[in-house]
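Make the full structure from the sequences, and use the hints.
Protein chains: 2
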Amino acid sequence: MDVISVAGKQAQLTIDGNELLILNSALNEICNGISVPEFETRIGASKEDVCALLNDVSHILDKMMA
Amino acid sequence: MDVISVAGKQAQLTIDGNELLILNSALNEICNGISVPEFETRIGASKEDVCALLNDVSHILDKMMA
Chain A
0 MDVISVAGKQ AQLTIDGNEL LILNSALNEI CNGISVPEFE TRIGASKEDV
50 CALLNDVSHI LDKMMA
Chain B
0 MDVISVAGKQ AQLTIDGNEL LILNSALNEI CNGISVPEFE TRIGASKEDV
50 CALLNDVSHI LDKMMA
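For the protein sequence lines, the chains are A and B, in the order given.
For the first sequence, numbering that gives the first Met the number 0 gives the first residue as 0, with consecutive numbering after it.
For the second sequence, numbering that gives the first Met the number 0 gives the first residue as 0, with consecutive numbering after it.
These are calculated hints, taken from the structure and not from any lab test.
There could be a bad hint or two in this list.
Put simply, identical chains are the same to the list, so a pair is met inside one copy or across any two.
Lysine to aspartate or glutamate pairs mimicking EDC-like chemistry, simulated, CA-CA at most 20 Å apart [as the list claims (entries may be wrong)]: (1) Lys46 to Asp15; (2) Lys8 to Asp48; (3) Lys8 to Asp61; (4) Lys8 to Asp55; (5) Lys62 to Glu39; (6) Lys46 to Glu28; (7) Lys46 to Asp61; (8) Lys8 to Glu28; (9) Lys8 to Glu37; (10) Lys62 to Glu47; (11) Lys62 to Glu37.
This is the structure we're talking about:
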């Protein structure tokens with residue numbers, strides 16, 4: 000994962016397939032696998048938000064593998 | 000998280016601070032928090048690789064918050 004630029008609260012970056020797979024697996028475990036006690040406190044976001052991000056990552060992976 | 004382009008096994012994307020925080024928390028839980036049985040099978044990568052990615056995400060967050 001390499002940063003191209005950071006502007007305010009937005010970053011542009013490059014990420015490779017292996018890194019995306021790790022993100023996908025980690026988010027998937029957090030959302031659908033392992034039980035995380037006090038989810039919102041520990042993750043700092045609702046399960047809904049984390050699943051939405053998992054969905055984004057998964058779509059990018061699909062594009063990459065197409 | 001929005002895709003700018005996908006070329007081979009590399010993607011360029013934009014990500015905002017909230018999404019980076021979720022990735023940071025998810026990777027941190029997987030690496031240092033919750034015990035993940037059969038880590039490499041479930042995540043598809045070694046703990047070392049996941050911690051390296053956590054390190055990258057954390058550096059980008061630091062830049063964004065600076």
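Here's how the hints hold up against the structure:
1. Lys46 to Asp15: between (25 Å within a copy, 18 Å between copies)
2. Lys8 to Asp48: For Lys8 and Asp48, the Cα distance is within 20 Å only inside one copy (17 Å; across copies 26 Å).
3. Lys8 to Asp61: Result: close only across copies, 11 Å inter versus 26 Å intra.
4. Lys8 to Asp55: This pair counts as both: shortest intra-copy Cα distance 18 Å, inter-copy 17 Å.
5. Lys62 to Glu39: For Lys62 and Glu39, neither the intra-copy (30 Å) nor the inter-copy (24 Å) Cα distance is at most 20 Å.
6. Lys46 to Glu28: For Lys46 and Glu28, both the intra-copy (12 Å) and inter-copy (14 Å) Cα distances are at most 20 Å.
7. Lys46 to Asp61: neither (22 Å within a copy, 24 Å between copies)
8. Lys8 to Glu28: neither (27 Å within a copy, 23 Å between copies)
9. Lys8 to Glu37: neither (26 Å within a copy, 36 Å between copies)
10. Lys62 to Glu47: Close neither inside one copy (23 Å) nor across copies (27 Å); limit 20 Å.
11. Lys62 to Glu37: Answer is neither; intra-copy 34 Å and inter-copy 28 Å both fail.
When the structure is compared with the earlier hints, violations turn up for hints 5, 7, 8, 9, 10, 11 and for no others.
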